[in-house]
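S.K.: Next come the chains, spelled out residue by residue.
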Amino acid sequence: MLAANAVSPGWYLALAALLFAVGAVGVMVRRNPLVMFMCVELMLNAVNLTFVTFARDLDDVGGQVIVFFVLVVAAAEVVVGLGIIVSILRRRPLATADDASLLRG
Amino acid sequence: MLDLTWLIPALPLAGFLVLVALGRRLGEPLAGWLATAAVGGSFVASVVVFLGLVGEPEESRAFSQVLFEWVPAGGFTVDVGFLADPLSLTMCLFITGIATLIHLYAIGYMHGDPRFSKFFLYLNLFVFSMLMLVLGDNLLITFLGWEGVGACSYFLISFWHESDANASAGKKAFVTNRIGDWGYMVAMFLTFTALGSITYADIIEGAGGLATSTATAITLLLLVGATGKSAQIPLFVWLPDAMAGPTPVSALIHAATMVTSGVYLLTRMSPVIAASSDWVTMVIAVVGALTALVAATIAVGQHDIKKVLAYSTISQLGYMFLAIGSGAYVAAIFHMVTHAFFKALMFLGSGSVIHGLGDEQDMRRMGALRKLLPITAITYLVGWLAIAGVPPFSGFWSKDEILLFAWEKSPVLWAIGLVTALLTAFYMSRQVFLTFFGTPRWDRPLVDAAPELARERGLVPAGAGDDGEVDDADGDEAGSPTVHNVYESGHLPHGVGPKDEIHPHESPWTMTAPLVVLAGLALVGGAIQLPFTDSTKRLEHWLLPVVEAGEHHLTSSTATKWALAAVAIVAGIAGIVGAAALYLRRRYEDQPATPPILLRGWYYDSSISTFMGGPGRKAFDAVAWFDRTVVDGAVNGVATLVRVGGGGLRRTQTGFVRAYAGFLTAGAIFVVFVMILRGALL
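First to last, the protein sequences are chains A and B. Taking my numbering as reference, the numbering of the first sequence is continuous, increasing by one, and the terminal residue is 1026. Taking my numbering as reference, the numbering of the second sequence is continuous, increasing by one, and the terminal residue is 2005.
No wet-lab data here; the hints were simulated from the structure. Accuracy of the hints is not assured; some may be wrong.
Selected chain B positions facing chain A (Cβ under 10 Å, derived; list incomplete) [stated by the list, open to error]:
(1) R1973
(2) F1979
(3) V1980
Just so you have them, the derived chain B footprint on chain A, three or more residues with Cβ under 8 Å [said to hold, decoys possible]:
(4) 940 to 950
(5) 1019 to 1025
Chain B residues, not near chain A, derived (Cβ > 10 Å throughout) [what the hints assert, rightly or not]:
(6) M1511
(7) V1847
(8) A1942
(9) R1951
Everything numeric in this text was worked out from a predicted model, so none of it was measured. Backbone N, C-alpha and C define an ideal beta-carbon position, used for all residues, glycine too.
Make the full structure from the sequences, and use the hints.
M.R.: Structure, rendered in C-alpha cells:
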C-alpha cells in the first residue's frame, strides 16, 4: 500500500508522458539515426515507467513483468536496427536519416 | 424394368460420343447405321420402361430415378434425376420411335454428303437433348435439354452452312428461341422463389398453395418460353426459315420433337396453370387459335413444298395450344402424337420428292409425280388425308377432339379452329395436287414455268433465245429444251453438283421404308384415343393422373358432339373440293395466282426486319450508347477514382523515416483524442 505522503501516481505518469513526448519529438526532428535510436529508447523507457507505476498502484506484478519483455524486445530491436544502420553506412556515408529514402512510393 | 430409365437418354449420348471419336473413320454408311442403332436401342428401352410402367398400379405410375446430385448450393439442390411417368414415357416413345425412322431415312437422304458422319453426330446429340427435356424430373434438367435442342437445331438447320441462307436461318432460330428462353428462365427462378424447389413432384404438390398472382406470372412466362420453342405468335418467324436445313432435320425438329416441347412444358406444368387466374388459359387458347389461323392462311400462298409444311406445322401447333388453353391436355398430347406421325411422314415424303427431283423444292416445277414416285405418292396421300381431317385417319380424331373442347371454351375459338381446318384441307390438297397430279413441269425451262422464280434465283432471261429459253454458257448442243442448272447463282441448298437433266426417281429403300411405317401409323394412330366409349379412350386413362389438375371435363351432349364432328368433316371435304376445283381440274396456267400478301406471310417477317433495321436498330444503338457511356462509365469511373486517389496517397510515401514517425505520432494523438472525446461524451 502507498504511504499517505508518498508521491502520487499522477506525477509518475506526467513524467512518463513528458519523457515520451521528448522522445517522440526527438525521433521526428533529429536527423542523426543514432540519436533517433536513443530517442526511441527514451520513449520505450517512458512506457516502462507507466507500467511500473500502474504495477505499484494496482499492486500487481504483471506490469513489472511487461517491463522485462519490453527491455528484451528493445534489446533485440537495437541489435537489428544497428545492424541495418551499419550495413547502410558501409555502402554510403550516411550523414542523416533523410538520405536513405529509396523506399518512397 | 423401370430402373432402365437412364438408358433411354444414355444410348443416344453414347452414340454421339462414339461418333465424335470415330465418326470420320467409320464413314458412310456405317456412322449412320451406328446412330440409327443407338436411337433404336433407346426406343427399345422406352418400350421396356413403358411396359414396366403399365404393370404398375395406376396411382404409383411415377418413377423417379436420381443419378447424382448435380448442383448443391446452400438450400438449393438440383439432382440429375429422371421422371418416368405416363406423360414423359408417351413423349419418349414417339420421339425415339420417329427419330429411329428419321435416322434410317437420313442414311439414304444424306448419301454422298461430305460431312455424313457429322450429321448423324448432331442428330444423336439432338435426340439425347430432347430426351433429357422430357425425362428430367425438375425444371433445370428440362432446361438443359431445352437449351440442348436449341443448340442442336442451330447446328442442324445451318448444316449446309456454306450457303448464307442456311447459316442465317440457323442463327434466326437460335436468336428467336433465346427470347423464349428468357421467359423459361425467369419462370424457373420465380418457381424456386415461390416454392423453394424446382422438382416437378414438389411443384405438383405445392401448386395448389401458390398465390394466384405468382402462378399467373409463372404461367405467362412459361408461355413466352413455349411460344419460342413451339413457334407460336409472336415468335414463329424462325420455323419457316429453318426449312433451309436438310429434310430429315425438318422432319425431326419441326414435326416430332423440338417444336412440341412447348406443349410438353405447359402440360407438365398444368397444376400451376390450374392455380393461375382464369384469363390465362384464355390467353393461351387465343394465342393458339390465332397462330393456327394465320399460319394456315400463309401456308395457302407458299410455293416451296417444305414451306407449306412449315407453316402447316405452326398451324397444327396452334391447335395444340388451343387445346391446352381449353383445358384439353390429353387432346393436346393426342394431337401431338398423331401430328408427329403424319407431319414427319409428309416432311420425309417431301424430302423424297426433293431428292428425286435433284433438289428442286418449288412446287411450280413439280406435278404428275405420282407415277414416277409411287411409294412416296401413296404414303403422302395418307398423310394428306390425315391432316385434312378425313376419318378414319389419325388426324381427324385428334383435331376433332380439340375442336370439341374449343367449342366448350368459346364458340368463337371453335369457329377459328374450324376455318383453320378448312384451310388446312385446302392448302394440303393444293400441295398434293400441284406435286403429284396435273401436268409434269420439272422438265420445263424455269423462265416458262415460273418467271418470278427464275428472277428470284438470278436467272433473269438476259440471254434468252427466241423460244424464251435461257441460254447458258454451255449452249444447247442438240437444240432441245433442257433444264438449266438453277443452282449456279450461288443458291446451293444441297451439297450436290449441277445437273443438266432431271429424271425424277423413287428413293432408295432406306428412305421409303420409314415412309411406309409412318403412313401406317398416320392411318391407325387415332386408335389410341377414340371418343366412342370410355374404354376406347386409352390415352386419356393413361395420361389423366398427370394432367388431372387442369383437365376440363366435357359437358356437351352426344348429339352436339356428332354435330360438331359432322361440321368438321364437311369443312375438311369442302377444303379438298375447293382445292380440287382450283388446282386439279384446271391447267397449270389457268390456276389462280398466289396473293402476294399470303406469299410473303402477311409481311410479318419483313415488318420485323424493317423495324429491327430502322427504329429497332436505333433503339439498340441507344442501348449500346447507354451501355458504353453510363454503365461502362460508372465502372471505369470507379477505376479512375481509385487510380487518382492512389496516385495522391502515393505522394505520402516519401521514404523519409522521420515523416513516417510524424504520421504515426499524429495518428496516435488522433486516436487518443478520439478516445478522450468518447470518454467525455459517454
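S.K.: Which of the listed hints are broken here?
M.R.: none
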